[in-house]
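Since the structure of chain Y is provided, determine the placement of chain S on it from the hints.
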Amino acid sequence: MREWADFETVEHDGGVVLKVSGPLTVASIAPLDRRLREIEQLSAIDISQVTEIDTVGAWVVWRASGALDASVEGASDKARRLMHAVENAESSADITPPRSNLAERVPQAVGDKVADMATGMRDMVSFLGTAVVAFGALARHPRRFPFLALVRQLELVGVSSLGIIGLMSFLIGIVIAQQGAVQLQQFGAEIYTINLTGRLTLRELGVLMTAIMVAGRSGSAFAAQIGTMKLTEEVDAMRTIGVSPIERLVVPRILAAVLMMPILGFYSSVIAIVGGAFIAHFALDIPFWTFLSRIREVVPMTDVWVGLVKAPVFGLIVAMSGCYQGMQVSGNAEEVGLRTTLAVVQAIFMVIVLDAFFAVFFTEIGWA
Amino acid sequence: MGSRRAEKLIRDAQSEAHAEPPHFEGEFPIVVEGLTNRFGTQTVHEDLSLKVRRGEILGVVGGSGTGKSVLMRSIIGLQIPAEGEIDVLGESITDAKEDDDIDIRSRWGVMFQGGALFSTLTVAENVEVPLKQFYPELTPELRHEIARYKVRLSGLPVEATSKYPSELSGGMKKRAGLARALALDPELLFLDEPTAGLDPIGAAAFDRLTRELADTLGLTVFLITHDLDTLYAICDRVAVLAERQVIAVGTIPELLATDHQWIQEYFNGPRGRAAESSYKRGDKLAMDKNARGEA
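Chains as they are written, first to last, in my numbering: chain Y, 68 to 435; chain S, 408 to 702.
Keep in mind the hints are simulated off the structure, nothing from the lab.
Being a predicted model, the structure only gives us computed values, none of them experimental.
Take every hint as true, because none was put in to throw you off.
Straight-line alpha carbon distances no greater than 30 Å define the calculated DSS-like cross-link-like pairs of lysine-lysine that follow: (1) Lys145/Y - Lys86/Y; (2) Lys687/S - Lys458/S; (3) Lys415/S - Lys539/S; (4) Lys415/S - Lys86/Y; (5) Lys539/S - Lys145/Y; (6) Lys458/S - Lys145/Y.
If we strip away everything but chain Y, and leave its shape as in the complex, we get (with noise of 0.2 Å):
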């Protein structure tokens, strides 16, 4: 059992003494503190059978003779000693800096966020005009180029992403072949099953679901990285040192992206047309070589340039909008999850309006 500090009240001298009694500490303090507070008269306190005494008691104390304006009895050297410190440690400070009230707060946010969006669209295009400058002096200046830097970039955003991407693609494929099929077989055409697994990855799914996956592999790394490196004051030191950061940082990851996603969602149409043609061949009765040859006869040219164009700037969406969060980071760590997030749902999300534009546009162009 925890021992609690108590209290009574006897009249004395025509006024009302409060003798406590036990430990006063932050342990055993909190039933007294609560009664205290409703006393309303008081002309002294008696803290002689006190056991022991903490700052937070001595502060109970000292608050209640202030507000009662009680004199305090019967303290011991160390009660002194503390009411003395906490005396001189008040203060009226808030807990946390002032909130307007909701009507006035609301309106505000809202204008705040529009006002940011406002910015952030401002800074994000003249962050890309900053990298599309340092490409332009990376070009004057070749030797500088963080050749390096760009190699370990293809991998991790390339080599090392072959394993999900594959999965998931293999996945995808086997997902569309099979529900398309119970779909077709209601015309008993479902012999189309071909064209549409291979139209449809190597036009849309492919790349789209790729540019998502190296949205939420790498695009969050970039974030996190160059984000951490702010923190940390590695991109100012790399400045103050002459090495300029979009150069090392940003050029390398955003030519990477930009450079693997095609091969990437080649790859990722590529595996998801085995994926079909894997289920075909055990559902549907067709063949797997079959299914194969039959795709290069259904799907025309134009469908993997489709695929191919798009990629290359899904990932420059993917890439820039990382580095750009990454780089906006400042004060705590928690900005650098809040950006990351912001940079994945940003760059999925310009992906899918971009994705729509080109769909439309392609097919007017006669690329249907």
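Frame of chain Y, contents of chain S only:
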């Protein structure tokens, strides 16, 4: 907080199986015996022993990589040692399970090098974290009051109370870390390089603050430092870490009397000399200490 909820919290606190441990009355609040710490093949400590006396400020010095921080982490239970026995406030840290040593954690305060403040909370909210954790039955009013005076007790200006850690300078972060370490009025205070990275004026002020708080609150302080001025100005005893052990513990004159090479180089190097002479010139603190006959 509704009064019913408050009553429930108090009932909960009363029904807790563990009794609030009594104030530690023994002579040695920290006892380390036969401590061995290994990281892979590298042995940091081997058969290390150390006793910290109640009410003293013990300075722990040693070259870089001699495991000062590892020793502190072992004592506060963040590092599980390979071998050895560590008792803090009469309770074994090394035998304790994850949940058991909760009691003891309310009786020490730790200030990490950079302050280690929770970055999403204001300074005052940081101080309130341990209060909420261990004593949820306290009223919010009292908790806020405690946070306010602890912030000022740690030498921070009033305005710092509602600031976020990212708005504070390095020295202020350390003080805020100290305020949080003192939140529960601990008996033991661990300080990891409190003056590192502070300007000389700030460092001297922090030293003074440490001494004052230790004297006022009756703290036992375990202080890791590289700062010779700190050693001369406020430490009652100094423990020297070298060769994987505590090679010597004692007052500075006692240490100077040993003929260990590292100790001689440490205290008799140009910096050691400078610190000693400034100490002998007698700034106020040192005089106070002499007057108390502790030096």
